[in-house]
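K.L.:
Residues per chain, in single letters:
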Amino acid sequence: MSDAENSPPTEPTERRAQPGESSFDSAFEPVSVFGDESTMDLRPGADNCYKCSVCDTTCPVAAVDDDFPGPKFQGPEQWRLKRKEGSEIDDSIMSCSNCMRCDDACPSSVPLSQMHNTARGEYVDEQMDTLSIEYLRNRILANYRTSAWIASKVPRIANFAMNFGPGRWLMEKAMGVTNEREFPAFATQTFRAWWGERGGADASRQNAREARERRGDPVDAEKKVAYFHGCYSNYNTPEVAKALVRVFESFGYEIVAPEQRCSGTPMFANGMLADAERAAEVNVSSFSDLVEQGYDAVASCTSCSMAIKQEYPELFDIDGIDDVAANTFEALEYLRIQEDLEAEIAEASVDEQSFAYHAPCHARNQGLDRQALELFRGLDGVAVEDVGDSCSGISGTYGWKAEKYETSMKIGEDMFEHMHDAAGDVGMTECPTCAMQMEHGTGYEIKHPLQLLEEALC
Amino acid sequence: MAIREDVLVVGGGIAGVTAALAAAESGAQVRLLSHKKSTLRQASGLIDVLGAIGGVAPIADPFAAVDDLPDGHPYRVVGADAIRDGLDLFDGAVGDAYAGAHTDRNALVLTHGGTIKPTARYPKSVAPGLASVEKRTLLVGFAGLTDFDAPTAAAHLGAAGVPFDIDGATVPFPVEFRDDALTTRFAKALDGDESNARTRLVEAVAEELDGHERVGFPAMLGDQNESTVRAELEDRLGAAVFEIPTGPPSLLGLRLEDLLYDALDEAGVRISSGNPAVSYEASDRRIDAVLVDQRGREVPYGAEEFVLATGGLVGKGIDSDRESVTEPIFGCHIPHPADRYEWSEREAFGAHAFARFGVVPDGDLRPVDESGGNEFENLRAAGGVLGGADTAREKSAAGVSLATGAYAGRRAGEEATQ
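Chains as they are written, first to last, in the numbering used here: chain A, 634 to 1091; chain P, 689 to 1106.
There may be inaccurate statements among the hints.
Unchecked claim - Taking beta-carbon pairs under 8 Å as the criterion, some of the chain A residues facing chain P (in silico):
#1 700
#2 960
#3 971
#4 974
#5 997
#6 999
It should be emphasised that the hints constitute simulated quantities derived from the structure, not laboratory data. By construction, the Cβ of each residue, glycine as well, lies at the ideal position given by its N, Cα and C atoms.
Working from the sequences, and respecting the hints, build out all of it.
P.N.:
Pasting the structure below:
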């Protein structure tokens, strides 16, 4: 379990001035008496908060749910209340959708989402009845990969069964999974099956080498990436993963697709930190070997890259975790850093098409919310329109919960409206669950920026 | 290096935005880097140029007073023309959402603390409430809203001798929220006219009106539809309606942020926000790139010319510990007494030395090192990171940002496109 379980020191622990000793004569350093660096001490987070409440105004849940006390309460205030023995975490923590927008809003660098994640983990571990339907439902939703893995064995049957009316009615009544949404279809062939059939890393090495020759790059250039495809582009949208493979290979990158589990994003959001840590251990172990060999990790889902870059090092202490975090990139982010993508795009053109683009909250928090717009502005034939800075409202598993469905759709209202107003009737986003919400609210087909990049460059 | 523009502006506040707009006017390709969401939502939304010198307020004409400022003040470096240039850029960016451009003289705005603030530009919704307009005034607060107590604010203003009768009343907000509801929640309820909020607010205020000719509300009369809300209230109350700037989170600040960022988009400025600039690469006293920490990896953002607009001590453009004061990205020289007990005065609102800490510019706003030579040839500084001004005491923060942002941005654009 994470350091979150070791209760942070709340008393000055070291270097107290002794009676009779002047504090100025000793090595007493009054500004750093709290905590040592081996435990997760969130006190500085609580102390840095000066109550400006700007986080609350950027919280999409608080904007539509008058009863939700907002990130300032969930983070610094709750942390402080918890210092009192016997106090419990308020159950409103389960209404936080983990969009992490508050992190980006705080002018004082309070680690809000880290505080929320630890509070939620503690709530689930210590206050939630593990025999309750809610716990069971959340656990199943958080471990989407397990369900998807089973479904991928029989995708056609699964696609029928998962959207079978009476079954869905029962799922809502018995499990609290909303009946309003249609389950996303499982691909008849997973990305990994396709990848294996195609020849895996060996084929990729060959393709990359040919591309480097064609491009006039040094044939033995060290261009190697390890792909974190995550669950969704493996089981549901392999076309996104394939687009990544083809785009990266066309720039001369050799790709490997190492063993991996869920990034942990849905587990964080459901307070299932032990599940998340188990998944993180597999991912870190598998990617840290590759990072040592000079690979960079790339992800096509902005929540996956967010989890690895920020939540892993914030919440877990696993060997190699910092190196993996520092060497993980979102796919487009990576290409923009390494390649002159702008020049390549300027020379390309595609059939005329218009997109309504939504920046996922987790892309926003990594500073990536404008990159697709900026890039495709230079692509001949394409108009990409931003549908504003609101949250889509689904936040992964959040919008799938019957009791959260209405909140989720209320949050999404702004985005739906702007999508309808935009010229294009195809949506675009990096996040698979934002894509679900966009489709659910408008009926539009939704593409990933990598798919347009593939069309332009491959 | 793949990410490269002509001009890179570091900082997303008023100075950074102004520098980016000024640089873009020269035809340069500009990128603005901002660590977090803009701190404008913390700001009042007022654009102060110069309200006080040496604690003496109010200054009637800030332009005429520039020469009274001490040597080394940013206004003395760039001159009154740069202030005008900055204000012109601002006026162009916000269009008719702001007032005050018709005169050089300061307007006097009522604040939510019951004081009077001299300012150069103010949102249109604030305009009907100026202290110079002699009309019987009613301030209205909402029950449960802790940040603004209308009777207290009115009593303060009355005691300060405003040239009109002023009273305060507290009414229940027509939609019921939990006790510490967000200011944005009030605004949204009026925006969307939830549960006939506007009608019911009019009814509640009408009972208190009693011949007052204008009514001031805390600035939360809508977000997107503020002008519609205000027009409807004016029409139905038969009195002028104005907004009173509030503390954070400030709707006027949020609206200003939207206006300025829309102007950046329109000017074709690229924006990267969410990661901090932490260091740089340079050769021969020229900066090649600023390094941005993208969650553990330092990514170079290249440019020909750079503008440092990261703010002061509060904005984290200037860092300090118990030993020294530093500029954390480029390590620019910041003069300060070695003994930290000389950094502050005993009085809380005294003329603290720390308030004037900042980088020292040459005549071209390029930071200089200890010996007076340029730190870098292609780096200019703007806004709060510049030393020499006590912007809180002078009420000059926005003006210093506008004037130096406009100057630094223009010069950077000229140099980059030469």
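K.L.:
Enumerate the violated hints, using their earlier numbering and listing them in ascending order.
P.N.:
none
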